[in-house]
Structure formats: structure tokens, C-alpha cells
Amino acid sequence: MLTINLAIIIPFLAAIFVPLINKKITRFHTGWFILVVPTILFIALVRYIPSIAKGETFISKVAWIPSYGIEFTTYLDGLSMIFGMLITGIGSLVILYSIYYLSSEESLTHFYIYLLLFMGAMLGVVFSDNLMVLYVFWELTSISSFLLIAFWYHRKQSRYGAKKSILITVSGGFAMLAGFIMLYMMTGTLSIREILSSVGTIHDHALFIPAMVLILLGAFTKSAQFPFHIWLPDAMEAPTPVSAYLHSATMVKAGIYLVARFTPVFGGGEVWFWLVSGIGLLTLLVGSFFAIRQTDLKALLAYSTVSQLGMIMSMLGLGSAALHLGYSQESVIYTQAVFAGLFHLVNHSTFKGALFMVIGIIDLQMGTRDIRRLGGLMTLMPISFTVAMLGSFSMAGLPPFSGFLSKEMFFTSVLNITELDIFSLHTWSMLFPVVAWVASVFTFVYSMIIVFKTFFGEYKGKRLDKRRFEPPTGMLVSPVILGGLILGIFFFPNVVGKNIIFPAMESVFPTFALKAKDFPISAWHGFNTELKMTIGIILLGSLLFLLYRYWKGIYRLFPEEFSLDALYNYTLSGMEKGSSKVTKGYMTGYLRDYLVYIYLFFVTAIGGVLIYTGAFSFDISHDSPITAYEWIFVFIMITSGLAILFAKSRLTAILLSSVLGFSMAFFFVLFRAPDLALTQTIVETVTTVLFLLCFYFLPEWTKEETPVKSKITNGVISFLVGMVFIVVGLSVNSGKLYESISWFFEDADVLAGGMNIVNAILGDFRAFDTMLEVVVLFIAGIGVFSFIKLRNEKRREKIEDQ
Amino acid sequence: MKTNDVILHMVTKIVVFIILTLAIYLFIAGHNQPGGGFIAGLVLSSAFVLLYLVNDIDTINKGLPLNFMVVAAVGVFLSVATGLGALVFGDPFLTQTFTSKYFSFIGETALSTVTLFEAGVALTVVGVVVTIILSISEDV
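In order, the protein sequences belong to chains L and E.
At position 725 of the first sequence (counting the first as 1) the number is 725 in the numbering used here, and the numbers step up by one without a gap.
Offset between the second sequence (1-based) and the numbering used here: plus 802.
Calculated from the structure, these hints are not laboratory results.
Virtual Cβ for every residue (Gly too), placed ideally from N, Cα, C.
Don't take each hint at face value.
Covered stretches of chain L, going by a simulated chain E footprint (3 or more residues, C-beta under 8 Å) [claimed, not checked]: (1) 190-202; (2) 672-678; (3) 776-783.
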């Protein structure tokens with residue numbers, strides 16, 4: 001079978017071929033070829049389901065940088081399986097949909113490369129066992145999301161949304177990285193599995209809470225939890241397939257994954273419980289409340305996604321209470337919350353995906369997605385209407401749709417938690433069911449808005465730009481499949497529950513001996529509190545929906561100027577102003593000043609360390625005697641060095657500095673270092689040529705009118721720099737801080753197959769450094785090239801800000 | 803370069819080949835003797851720079867239709883790819899292997915993946931150095 005490592009790499013490899021396919025094969029839409037990738041991966045993953053359902057896990061390991069303990073290890077268990085299936089499954093449907101959504105005139109190469117990058121990165125996040133590898137993939141998903149949001153980069157709003165999303169998610173990512181490093185400091189390992197095995201020992205560590213909070217920051221920013229949710233509505237500027245895929249089904253769920261994955265590590269504590277469930281519940285409420293206000297269908301869905309993510313998050317938080325109690329017959333009931341959360345995760349991906357796709361169709365066909373301009377589409381677009389209805393009713397939690405099941409289970413868990421008496425719950429516990437219920441009422445209202453405002457009422461056709469109705473059949477395939485799943489899951493919930501959700505539960509509660517039969521999903525539990533709550537939601541929700549125009553004034557209490565968005569904008573512009581002030585303060589435009597900064601830093605940093613650590617000590621008694629040749633070259637170098645100061649023309653100064661360089665090469669010859677001598681000679685030659693080229697651009701050599709005061713300052717600085725260099729040179733020669741590595745040289749032939757130890761170091765022992773140096777050199781080359789070549793090519797037309 | 807120095811012109815025609823040969827020698831010798839990819843790259847670029855100095859840029863571009871930015875990119879790709887190659891065989895990133903083989907006419911020859919890696923280094927150096935010098939001189 002396909003190894004999971006390969007599954008991560010395949011999308012990246014496929015991305016390489018996208019430009020070629022797009023260029024060479026014009027008869028078919030590029031998307032058809034891309035569709036193959038997630039489909040194959042999905043089938044490959046599905047084949048693992050039977051073994052995963054039995055509780056097996058799969059590990060495959062490739063050493064990446066073993067000297068730093070970084071290994072590209074993948075781990076397939078129930079939890080990563082759910083996400084893997086969502087990524088590849090929804091991915092296939094979204095790509096199929098995008099074939100009809102994006103015409104061949106769009107920049108398909110970019111679109112599919114970014115999408116494949118995202119897919120690979122996201123698979124990397126959920127399958128990686130190594131924290132550092134996970135982090136790299138995590139940031140890569142942020143970057144590909146940034147690129148996809150800015151796909152129509154000529155729109156100002158797209159660029160704004162892309163920037164906002166990357167700023168928020170990447171700052172969260174940095175916090176998470178710090179949290180990972182703290183975890184490493186506590187456990188001494190970067191492998192998640194090994195961290196899980198040392199859980200008991202770290203609970204009392206001083207870094208335990210900081211690490212938890214930082215990692216949660218990463219998860220909350222990614223999963224758009226309050227107050228970081230503001231990036232998600234702006235991310236809706238992306239093409240609709242992207243919104244359906246990244247910003248509802250997969251990427252925003254990475255935070256959920258992280259929380260679920262780390263529940264066995266951090267869960268069970270009070271802080272974790274309150275943070276995760278509290279923030280989750282707050283997000284649920286805020287998201288659903290503000291969703292009602294939206295008039296743009298996509299923005300409405302964005303707020304609804306925020307709220308649904310909050311709901312899943314809170315369920316994970318509630319479930320962690322079971323870890324506090326420890327495994328017993330009584331505590332199993334609380335793990336049910338996690339089960340419900342994971343179940344809702346799957347449901348949310350299906351119904352939200354379907355809704356996004358339908359709204360994309362409406363947007364494309366009608367030319368607008370503003371509910372004030374839509375209406376009466378039911379008879380014109382019967383298939384889209386059916387799918388939208390399935391999706392919305394499932395989201396509202398009505399039977400017979402999958403969302404009903406998970407919403408009922410959510411109510412069960414919030415009701416269960418009220419009976420618990422830990423974490424000072426007795427005072428606050430009633431909040432959970434109340435907030436959950438109120439938020440569900442709002443959810444019901446906005447779900448009804450989607451269906452009734454769009455598809456019922458009078459048709460406002462005359463006001464719309466376009467008047468085509470149902471799209472090509474191919475575009476309807478994906479939403480119809482998702483719609484079918486919504487019904488399918490409702491009627492056969494235990495197939496999903498037993499084979500997919502339950503194995504994931506075992507990953508979240510590895511210490512518990514859970515049994516699949518403890519988690520039945522059934523549509524009918526009798527006439528219990530949960531059902532009464534649902535009936536209440538329908539009654540109150542319908543009332544609110546019908547009377548919306550009378551109570552919408554309440555939103556005026558939340559004016560734009562005091563929103564989190566305004567805070568974000570204000571902070572950003574404030575930071576820009578502040579940093580430009582600081583930068584202008586010291587960037588004088590004079591090279592001379594910059595050199596002073598550099599040298600001052602050098603003197604204080606290096607010289608300071610030397611004094612602070614008392615490392616300055618040297619002993620010249622063992623040094624070999626200085627020969628006559630060496631005296632000669634020292635004399636030459638001193639003379640030419642002094643002569644530069646008194647040079648009358650620039651050419652003389654350049655040549656004199658070359659003398660310094662070439663004399664250095666001679667020193668290498670004297671000290672029998674032919675490699676260095678060769679390199680130094682050639683470097684000196686090429687630099688002299690470069691110098692003479694730049695010579696052309698330099699201004700006339702004029703006598704400088706520097707005040708005596710700055711002359712003295714410069715003199716002092718240069719004297720200090722010289723002294724520090726000498727002291728460093730002397731100390732390095734005598735001090736020994738590290739173990740000698742000279743045995744490498746003796747074995748160079750055996751270890752690297754070469755007699756030349758210098759090259760054995762460069763090409764083998766320290767090949768990683770050399771490789772990065774090559775990359776840096778290349779980047780520098782690109783920098784020079786683009787600075788000079790592109791400087792004069794001004795844009796003929798300004799395509800921005802349309 | 804407007805001046806037309808006949809002596810420099812004639813000498814260059816021969817010397818360039820000596821320099822190029824030296825570069826190749828240094829590259830191969832780097833295995834056991836002084837030399838290596840970086841120096842070979844620098845020597846190569848000094849040969850090109852000499853050609854550009856003596857003749858004008860257009861003449862050389864006609865005879866040597868190379869985009870040096872691409873050369874550099876190929877070099878970077880080569881060095882990174884040799885590192886990735888090790889992964890395919892299940893070794894850590896950038897693991898280099900070597901062996902020696904007997905070839906008729908040449909004799910016992912050491913073969914090593916380091917050579918590919920060093921070739922990448924050499925190409926990057928040539929590409930970047932020539933690109934920088936050309937960009938600056940064309941800006942005149």
C-alpha cells in the first residue's frame with residue numbers, strides 16, 4: 001500500500017507538472033488532470049479504514065536531519081484518518097467543482113499549484129509526528145491560503161483579506177512554535193507519540209501552562225476562534241472553491257486537529273477545560289449572532305463557519321473533563337462530547353461544503369450573492385435549491401439531516417457537564433446549555449435566511465446582470481454528492497461512527513479502554529430534554545426569523561468603529577506609522593553612518609562578550625617563529641593599509657586594497673593552505689573587476705569636509721574594531737571551547753571517499769551549510785539582478801485597485 | 803569597452819582555453835587535491851568575465867547564448883536535488899555516497915555524489931557572478 005510519507009509528497013510533486021499540463025494540453029481543462037491526485041489519495045486512504053477501525057496504527061519514518069532530531073515521521077491513526085479523508089475527499093469534489101467554476105482564461109496554473117501545495121501541506125499537518133515538521137507544514141498552509149485568497153489580486157479587498165489572514169494565522173503559528181519548543185524542553189523529544197508517553201511527568205512543570213496557552217493560540221488563530229475570527233469573513237474574497245475547501249472544510253479545522261491531538265497531553269487540567277470550552281462557546285455565540293446580520297451569502301457562511309468551529313472546539317473542551325476524572329464507568333459519558341465534536345466535524349464539512357458550492361453557483365449564474373437582490377430561485381434552480389435546503393436544514397439541526405444527530409449529541413454533552421462538580425463548575429455550569437441553546441436559535445435563524453431569502457419570495461430577475469439558471473451538470477455533481485452524504489449519514493450514522501469517528505476517539509483518549517458500542521448514534525432517544533430544546537429552537541427561531549425586521553436594530557449597538565476589525569486596522573496602521581518613524585530616524589542614506597552602526601554593534605557585541613566571559617587569554621610561547629617572508633608581507637600590508645588613508649585618487653585606493661587581498665593569498669601559500677590561497681586569489685581578481693565596474697558609478701573624488709569631532713569618533717571606532725579583531729584572533733588561537741574535530745580530517749578518505757579534507761568538509765560533513773550558502777548566493781544574485789534590471793521598467797498600466 | 807586592444811584580443815583567445823581547462827582540472831582535482839566546485843566556479847566565471855571584457859557583450863552573447871540566471875538556478879537545483887536523492891534511498895537528507903569503478907582507457911576512477919553536489923555549487927557560482935557583473939555593466 002501507499003505509504004503515508006508518499007501521500008504527503010505526491011501533491012507537491014504533482015504541482016511541478018501543473019504549468020506543463022496547462023501549457024501543452026489546451027483541449028481539456030487543467031483541473032481534470034489535477035482531480036486524479038486527490039482521488040487516488042482518497043482511495044488509498046479508504047483502503048486503510050478496515051485496519052484503522054480495528055485499532056491499528058501505521059508509522060513510517062524517514063530520517064530528515066537526524067543530527068537535530070528532526071525526522072519526517074508520519075503517523076496514521078483514527079484522528080489523522082478523519083482529517084486525511086476530509087482533505088482528499090472534499091479536495092476531489094472541490095477540484096471537480098472548480099473545473100466548471102474557473103474558466104480556462106483564469107490563471108489556472110497558479111490556482112492549481114497553490115491548491116496542490118495546500119493539499120500536501122495540510123496532509124503534512126495531520127500526518128506528521130514530528131512537531132517541527134508539523135510546524136513547517138502548518139505555516140505552509142497559511143501561506144498557500146494567503147496565495148489563494150489573493151488569487152484575484154487586482155482587487156483591493158482580496159489583498160486586504162489575504163494580508164489579514166496571513167498576519168493573524170502566522171502570528172498564532174509563531175506562538176505555537178514557541179509552545180512546541182517549550183514542550184521539547186519539558187519532554188526532550190519532538191515526537192508527538194513520545195510526548196504522549198511522558199504525559200504524567202510534565203504536569204507540574206513550570207512551562208506546562210505557558211506551553212499550553214501558546215499552542216492554543218496557534219489553534220485558535222487558525223480555527224478562527226474569538227477574538228481572532230475576524231480574518232475568516234475577509235478571506236471570503238477567495239474564489240468559492242477555495243472558500244469551500246480551505247475556509248470551511250479543511251484548513252480552519254487544523255486548529256481543531258491540534259486541540260484534539262494535544263488533548264491527551266494538556267487535557268484534564270482546569271485551564272485547558274475553561275479555555276477550550278469557554279472560547280469555543282463564546283465563538284459559537286458571537287459567530288451565530290453576527291451571521292444573521294450579513295447580507296452577503298458568503299460572509300454569512302463565513303460567520304456561520306466561525307460559529308460552528310466554536311461549537312466543535314467547545315465540545316473538545318467539554319470532553320477533556322473526562323481526563324480529569326480518569327478512566328471509569330462514569331467518566332465515559334463525558335468523552336461522548338469529543339465523539340459528538342468529531343462527528344459534527346465530519347457533518348460540518350459536508351453541509352458547509354455543499355452550501356458554499358451552491359452559493360458559488362448562484363454567484364456565478366446570477367452575478368450576485370447579495371440576499372437583498374436574490375429571491376424566488378426555487379423553481380428556476382430546483383437542484384441547487386434542494387442541495388441548499390439539505391445543507392441549511394442540516395446546519396440548523398433539523399431531522400432528518402445529519403446535523404440533527406450531532407446537534408442533539410452536543411446538547412447531551414452540555415447537559416451532562418452541568419452535573420459535574422469539578423473546576424468550580426457548580427457555579428457556572430448552567431451557562432453551557434443556555435449559551436448553546438441561544439446560539440442554536442441564532443443558527444436556526446441564519447440557516448433559514450439562506451434558504452428562504454434566496455429561494456422563496458418574488459424573483460427579482462430584472463435587477464440582475466445575468467439570467468442563466470441551473471449550471472452545467474458537472475458543476476452540480478459535487479454539491480449533490482455532498483447533499484447525498486448529509487442524508488446518508490443521517491440514516492446510517494453508525495457506519496461512520498464505528499469505522500471513522502470511534503478510532504479517532506481512541507487517539508484522543510489513548511489511556512481509556514473505550515468500546516465502540518458505548519457510542520451509538522441514534523436519531524430517536526425518546527422525548528427527552530435535548531428534543532425539547534430542539535423544538536424550542538424551531539419555535540423561537542421561526543418567530544425570530546419572521547420578525548427579523550423588527551429586532552435587527554439591535555445590531556446598531558455594535559457599530560463598525562468599535563469592532564475588532566477596526567482595532568485590527570488601527571493597530572496595523574499604527575504599527576506601520578511607528579516603524580516608518582523609527583526606520584527613518586536611523587536610515588540616513590549615508591553609507592558612512594551604516595558602517596558606524598555595524599562596527600559599533602560588532603565592538604559592543606563581540607568585545608562585550610569577550611570582557612563579560614573573560615575569554616581573553618592567550619599564550620604565544622608555543623607559537624612557531626615568524627619567518628622573514630612573513631615579516632615582508634606584514635610590512636607590505638601595513639604600508640598599503642596606511643597608504644589607502646592618504647590616497648589621492650579612488651583608483652589608487654582600489655588597487656591598494658587589492659594589494660591587501662593578494663598579500664593575504666600569499667600568507668595562505670606560506671602557511672601551506674593551497675585551497676585557501678587559490679580561492680583568495682580568484683575572489684580577489686573577480687572583486688577587483690567588480691570594483692572597477694562600480695567605479696564608473698561613483699561620484700567625483702572630493703576632499704571631505706568632515707568636522708573634527710566626527711573624525712575623532714570614527715578614529716576611535718576604527719581603533720576599537722581593530723583591537724577587537726586582534727584580541728579575537730589571539731584568543732581563538734589559544735582557547736579551546738569545543739572538542740577537536742580534527743579526527744574527521746584523518747578519516748576523510750574513509751568517511752567521504754576523498755583525500756581533500758577541505759572539500760570533504762564542504763561537500764559531505766557540512767554539506768547542509770554549503771547547500772544553504774549556495775541558496776543564499778543565488779538569492780543575492782536574484783536580488784542584484786532585479787534591483788538593476790527591473791528598476792527602470794515602470795509599470796505601463798496600473799492594474800491594481802480596480 | 804570601446805578600446806580595441808589587439809594584443810589583449812589575441813592573448814585572450816588562447817588564454818581563455820587555458821583558464822577553462824584549469825577550471826575543469828580544478829573541479830575534478832578537488833576530490834583529492836586542492837580545487838573543488840567553488841574555486842572551479844570562480845575560475846570559470848573569471849574566464850567569462852575576461853571574454854566579456856575583451857569583446858563586447860553582444861558578440862559573446864551571440865556565441866554563448868546562455869542565460870546565466872538560469873545557469874545559477876540549475877546549479878541550486880542540482881545541489882538541493884542531490885540532497886533529496888539520498889532520501890529516495892532511505893538515507894538522511896544530503897547523505898553522500900561514493901564508489902570507485904574501473905573504466906577502460908581511464909583506469910580506476912572514483913565516483914561520488916559529491917561531484918554532482920559540487921557541480922551544483924560551481925554552476926551557481928558561475929551563474930551568480932556573471933549575472934551580477936553583466937547586470938552592473940549593462941546598466942552603464
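Results for each hint:
With a threshold of 8 Å between beta carbons, the proposed coverage of the stretch 190-202 of chain L by chain E is violated, since 0 of its residues qualify and at least three are required. With 3 residues having a beta carbon nearer than 8 Å to a beta carbon of chain E, the stretch 672-678 of chain L meets the requirement of three or more and the stated coverage holds. As drawn, the stretch 776-783 of chain L meets chain E at 5 residues by the rule of a beta-carbon pair under 8 Å; at three or more, the given contact holds.
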